[in-house]
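S.K.: Sequence:
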Amino acid sequence: MSKRILIVDDSAMMRKMISRVLNPPGHIIVGEAKDGDEAIDLYSKLKPDLVTMDITMRGKDGITTAKEILKIDSKAQILFLSNLDEDRYRSEVESLGAVGFVNKHKSKEILDLIDSSQA
0 MSKRILIVDD SAMMRKMISR VLNPPGHIIV GEAKDGDEAI DLYSKLKPDL VTMDITMRGK
60 DGITTAKEIL KIDSKAQILF LSNLDEDRYR SEVESLGAVG FVNKHKSKEI LDLIDSSQA
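Mapping to numbering that gives the first Met the number 0: the sequence shown position 112 is 111, numbers consecutive.
Treat the hints as calculated values from the structure; they're not laboratory data. Be aware that a few hints might be false.
Here are the computed lysine-lysine pairs in the DSBU-like style, where the Cα-Cα straight-line distance is at most 35 Å [unchecked claim]: (1) Lys103 x Lys70; (2) Lys74 x Lys33; (3) Lys74 x Lys107; (4) Lys46 x Lys59; (5) Lys15 x Lys2; (6) Lys59 x Lys15; (7) Lys59 x Lys105; (8) Lys33 x Lys59; (9) Lys105 x Lys15; (10) Lys70 x Lys107.
Given the structure is predicted, the values throughout are model-derived calculations rather than measurements.
Using the sequences plus the hints, can you model the full thing?
M.R.: What follows is the structure in structure tokens.
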């Protein structure tokens with residue numbers, strides 16, 4: 000089942016890569032945000048089924064942004080994507096009720112988590 004997805008990453012190259020991973024299976028990219036403030040604004044306007052969220056961004060980081068999105072919509076589905084050490088952030092991400100936490104370059108795992116999410 001295709002999902003409407005908002006991609007949040009401060010790197011244009013990473014947003015493009017994530018979009019390329021998600022488009023072929025039929026997911027619809029409804030928006031892309033380069034920082035936390037833009038992500039919150041777009042989430043409110045677009046009401047996506049799922050958000051892919053970078054953890055480290057200029058300004059507002061991904062965890063702070065996710066907390067603010069969850070204040071807007073407690074049922075928001077957020078999948079954290081990062082190149083950082085997964086173990087360091089896993090417990091914080093799980094406490095938010097995130098869909099998961101995956102390395103940005105593990106395309107199969109990203110798709111598996113999105114396809115199994117409740118959204």
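S.K.: Hints first: check each against the structure and report whether it holds.
M.R.: Evaluated hints:
no. : hint           : in the structure
1   : Lys103 x Lys70 : holds (25 Å)
2   : Lys74 x Lys33  : holds (23 Å)
3   : Lys74 x Lys107 : holds (24 Å)
4   : Lys46 x Lys59  : holds (20 Å)
5   : Lys15 x Lys2   : holds (17 Å)
6   : Lys59 x Lys15  : holds (21 Å)
7   : Lys59 x Lys105 : holds (25 Å)
8   : Lys33 x Lys59  : holds (11 Å)
9   : Lys105 x Lys15 : holds (15 Å)
10  : Lys70 x Lys107 : holds (30 Å)
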